[in-house]
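Enquirer: Each chain, written out:
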Amino acid sequence: MALFPSSYIPTVAATVTRQPDVLNLATSFAPRPAAMSIYVRFLELGTILQQGTIVQVANPTITQVAPYFIVNATAAPVYQAYFTPGGIIFSSSVAGVAPVIGNMVELLATLSATGSTQLTQAINGGAPVTAAAGGATTLPQTFGGAGLCVGPGFLALRNLVIMRGVQPFITMQRYAGVQ
Amino acid sequence: MSQRVLLLREPLRELRYGHTQSVYPADSLDFTQRQVYTIGVGTYELTGRVRFADNGQTLVDLIKAGSKKTTLTYTPNLSDPGVNYACYLIKPLSPAMLKMDPNTGVEFGDEDVEIVLRKTDQSPFAAVQQNALLFAYRAGDRIQEGTYTRVGSARYALNSSNGYGTLSTATTNLARLHWISSASSKGPRTLPSLLFEDSPLGTRTNLVLQSGNLKATSVWTVSNVTVTSGQADPAGGTKAFKIVDATTSAAGILQEVVTVTVSTKVTYSCFIKPGTNSAHTLLFQSTNNATNFIQTRVTWSSGLPTVSAITGVLVGPAERWMNGFYRIATRTTGSLTTGKYKVVLMPTSNVAAAKGSLIAYGPQAE
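Chains as they are written, first to last, in numbering that gives the first Met the number 0: chain Y, 0 to 178; chain U, 0 to 365.
Extracted from the complex, chain U is given alone in its bound form:
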C-alpha cells in the first residue's frame, strides 16, 4: 500500500507545546550563583491525545511505524491539506498498549492514547488547533517563522524601571519591541508592541544636523541664551541640554538652519522638559524670521505639558519618556518649497521680558 492513513474521529485534544533539550544547571551551595550548560538548541514538541479511537489496530500500526522512526505526516485539518507537518513519533514507542477512553466506557468502548510529536526539522509547530485558528501573533511572540530586515539602527521605547520609556537603540535587522501606554501617551508604558515603520511615500530623514549636540557651533547658533550640556536625557544618559534665557531685553533662542530638499509638509518634533519657567516655544520658520510655519507653545503645570499649535497642526498626543521628558510634534499646515528654514528652540513664550530655561534633546525635522 502506498500510504497508511489514521483518520482521527476528533482533532488531537489537550494540545500542549513543549521543548526538550539537554540542560545541566548547577547552583552554588549558598544559591547565590548559578550556572547552566546546554547542549545544542533543543527541539520543539507537540503533545496531544488521540481520543475516541475506534480503529485501534490502525492506531497501533501508527505507533509501530513511529517506533521505527518512520516519518509521520500530521494534518490538523483536512479542509486545509496544505497545512501539515512531517514528524517523528517520540512517545509512545513500542512496546505500547492503548487504554480505554474513559468517556466511552472502560469495558466496551473506544480507545485513546497520548502522543508526542517532533517535527523532522525540529522547528516549532505553528497553530495546530484544528477548529479555526490559522495564525496568531501577540507582541512579544517569536517571529522566527517569518523574516524581518532593516538596514541600520532605529530607536524605540524600552520599558524602563519607572515605566515611562527609555529611548533605546535596535541594531541592524533587530525588530523593535516597543512599549506603549494603554490609555494615552502620557501614561506608564505597560503594553508591548512590535514597532513597524515603513512609509509608502518614502524613507524618513532627520534634517537637523548635530541633533545630539546642541552645543555644536558649526550648526547651532545662540542668541541671548546659554547652552549647558550634561543634563539627564530620555535615553537614560546625560546628553540633554539646558537652554537658558537670562535676559529681559530679548527672547533668547537656539537655532539651526536646515535644508528642505523636497517640496513637502514638514514635521518638527523634540524631546523637552521644563526648566525654571512654565512656557516654551518651538518654531520652524523662514530664515529671515518673517514667517512661522510652525509655532508650538508648551506650558507646564506640575510637570505635565499643555501643547498648542499657534501655527501648524499638532500631531498626536505629547508622548512621555523617562526623566520627565515629553516628545512634542507639530507639522506645517501646507507643503513648503525646497530651500532653507530655521529650527528654533525658545526657553520662553516668545516675550522679550520673559526669562527661563528649557531642557531639550533630539530635535528632528522630517
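Pulled out of the complex, with its shape left as it was, chain Y reads as follows:
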C-alpha cells in the first residue's frame, strides 16, 4: 500500500521494484536492561502511516525477540515507546499528536529502572510534549539479542543517541548536537 511517495525508481521496459534498506547500526550493541534513554531525530517520510519502527534496541533484525525496547508507530497513528519483557506490552505514546510527512521529529523514549516507559515528542523544533508513563514491570537480566536495528520504516535519520538513565530531553538534544 503506497500512502506516500518513496524515492524515485526509474523504469525502462518493465516495472521496477526497489529492495528495502536493511540496517543494523551496531551489531554488538547489547546493554543490560537498565534505565536508559533513546533520543532520535529524523525527517518523517512515512513511518507514521505504516505502523513502522524507528529503532530497536538489542535486536539484530526487524524480527523482535523479547525482551526488547523499541520506538515505533501505532495504528492510531502516533509514536510510542514500547517495552516488553515478553508476553506483556508496556508503552507510552503522545495521544492525538502525530507528525506528518515532511516534519522534523524528535522522540525521546525512556525506560526507567522499574520498567516503565515514557515518550516525549517534539515536532519541527516545537515544545516537547511528554506522554503519560507506561506501567511498571521487573526488568529482565538481558535483552533478546544484540544490535541496534533501524526500521522497518521510511525516514531520513539525523541523530540517534542512547544514554544510561532517564535523561531530560534537553540533555539528549545536547549530546546530539541539537542544542
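No lab work stands behind these hints, which were simulated from the structure alone.
There may be inaccurate statements among the hints.
[Said to hold, decoys possible] With the C-beta cut set under 10 Å, the calculated list includes, among others, these residues of chain U facing chain Y:
{"hint": "1", "residue": "Gly39"}
{"hint": "2", "residue": "Glu110"}
{"hint": "3", "residue": "Thr146"}
{"hint": "4", "residue": "Thr204"}
{"hint": "5", "residue": "Gln209"}
[As the list claims (entries may be wrong)] Cβ pair distances, simulated, as ranges:
{"hint": "6", "chain 1": "U", "residue 1": "Asp29", "chain 2": "Y", "residue 2": "Thr60", "range": "52 to 58 Å"}
{"hint": "7", "chain 1": "Y", "residue 1": "Pro167", "chain 2": "U", "residue 2": "Gly201", "range": "49 to 55 Å"}
{"hint": "8", "chain 1": "Y", "residue 1": "Ala33", "chain 2": "U", "residue 2": "Leu14", "range": "19 to 25 Å"}
{"hint": "9", "chain 1": "U", "residue 1": "Arg8", "chain 2": "Y", "residue 2": "Gly85", "range": "37 to 43 Å"}
{"hint": "10", "chain 1": "Y", "residue 1": "Val64", "chain 2": "U", "residue 2": "Val150", "range": "20 to 26 Å"}
{"hint": "11", "chain 1": "U", "residue 1": "Leu200", "chain 2": "Y", "residue 2": "Thr26", "range": "24 to 30 Å"}
{"hint": "12", "chain 1": "Y", "residue 1": "Val11", "chain 2": "U", "residue 2": "Gly201", "range": "18 to 24 Å"}
{"hint": "13", "chain 1": "U", "residue 1": "Leu200", "chain 2": "Y", "residue 2": "Thr129", "range": "28 to 34 Å"}
{"hint": "14", "chain 1": "Y", "residue 1": "Val64", "chain 2": "U", "residue 2": "Thr305", "range": "45 to 51 Å"}
{"hint": "15", "chain 1": "Y", "residue 1": "Val96", "chain 2": "U", "residue 2": "Val312", "range": "17 to 23 Å"}
{"hint": "16", "chain 1": "U", "residue 1": "Gly236", "chain 2": "Y", "residue 2": "Thr129", "range": "45 to 51 Å"}
{"hint": "17", "chain 1": "Y", "residue 1": "Thr26", "chain 2": "U", "residue 2": "Leu14", "range": "32 to 38 Å"}
Note that CB positions come from ideal geometry on N, CA and C, so glycine has one too.
Dock chain U against the given chain Y, drawing on the hints supplied.
Expert: Just chain U, lined up with the frame of chain Y:
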C-alpha cells in the same frame, strides 16, 4: 594470581580518539600537485589520562605488562561489564615514570599518566565515555560497526552546488547519505541524513514504464501535444522532457496506461517545472477518462509552485530539486481495484483553450 586489576578512581579523562598510519605525502615544487602514499589502513587509538591514581605501583605494573604486549582489558564502566575492549598499550612503555597529579599537590599527592590504547583488532573504539553515553550516531558518521545491505540501486539527493539536491544513484549495498532541507522541503538542502526505506507493508514498485523516456511510443501516447527531449533534469543531466500544448481546440495530454496489480491506494508523483505557462495538471484516471482518482493542479509564481489536490490527497510538501524542479505527490483517497488506469501529464489547467508547456521527469505510480 589469575588476574591483575587496576581500578580507576575516576574514569579515563581527556579522552581523545586518534588514528595512526604510515603516510607519505609529497607536493610538487609549485604545490599544484600532491601525491600521498599510505601503507595499510592504519589503526585506531584512544588517548586518555589516568587521574588521581593512589595506587602507583599497580599502575606501573600495568605499564610494565603493556610494554611486554600483554593484552589489557579496558572496561569503561563496571556497571556494564559487557562493554570492554581488548587493547595493547602503545604509550607509555618502559622505562616510564608517573608524574604527580597537579590537582592533589606536587610533593605529596596522587599520580597521573597519559596512556594510549590500541584495540587488538585495530578497530575503532565505540563510545567510551564512562558516565552515560551508550551509543551516538550523527548522519554522516561511520556505520562500519554495523551492517547495511540493500539489493540493487536506489536514489537520493546529493548536495549539489546550488544546494537544492541532485538526484543521485547509490549502488547495491551503499547506504544513502541524503541531503534534506531544514525548514521545509522548498529550501536549500543543508542537512545530511541517512535515508532509510523499508516498508512493513511490502516493497515499492514503480508501475509507470519508460519513466525515463517520455517519448517512448510503445507506452506513452500523445494527444494534442508534442514532446521534446534534451531538457535539463534534476539529476544534473538532460533527460527531462518538454510537453507542449500548442492547440486551443483541446487540452493536450501525454498519457500511459499502467496496471495496478494489488487493490491498494496509489501514490502518483513526478518531478515537474514550469514551461511557458503557469498552471499544469497531473491525473490518475480510469482508462475511459470517466473518473479521476487523482487530479493535482500546480500553479506557479516566480518559479514557486502552489499545489492543490482537486481529487485525492496531497502527500508532503513539494520537494525542491536542482534545475528548478519540484517533486509533487498525491495519493488516491481510497483503494483502487486491480486493473488498468492512466497516468496523465497535462501542460495546462485542463481547459481546452489554454496553451502552454510543462517540463517533466520521472513520473512514478506506486
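Enquirer: With reference to the structure, classify each hint as holding or not holding.
Expert: Each hint, compared with the structure:
1. Gly39: Violated. Min distance 24 Å.
2. Glu110: Violated, about 29 Å.
3. Thr146: 5 Å, holds
4. Thr204: Holds, because the Cβ-Cβ distance from U/Thr204 to chain Y comes to roughly 4 Å (cut-off 10 Å).
5. Gln209: 6 Å, holds
6. U/Asp29 x Y/Thr60: 52 to 58 Å: 55 Å, holds
7. Y/Pro167 x U/Gly201: 49 to 55 Å: 39 Å, violated
8. Y/Ala33 x U/Leu14: 19 to 25 Å: 22 Å, holds
9. U/Arg8 x Y/Gly85: 37 to 43 Å: Holds, at about 40 Å.
10. Y/Val64 x U/Val150: 20 to 26 Å: At 24 Å between Cβs, range holds.
11. U/Leu200 x Y/Thr26: 24 to 30 Å: For Y/Thr26 against U/Leu200, whose Cβ atoms are near 27 Å apart, the range 24 to 30 Å holds.
12. Y/Val11 x U/Gly201: 18 to 24 Å: 22 Å, holds
13. U/Leu200 x Y/Thr129: 28 to 34 Å: For Y/Thr129 against U/Leu200, whose Cβ atoms are near 30 Å apart, the range 28 to 34 Å holds.
14. Y/Val64 x U/Thr305: 45 to 51 Å: 49 Å, holds
15. Y/Val96 x U/Val312: 17 to 23 Å: 20 Å, holds
16. U/Gly236 x Y/Thr129: 45 to 51 Å: Distance hint for U/Gly236, Y/Thr129 holds at roughly 48 Å.
17. Y/Thr26 x U/Leu14: 32 to 38 Å: 23 Å, violated
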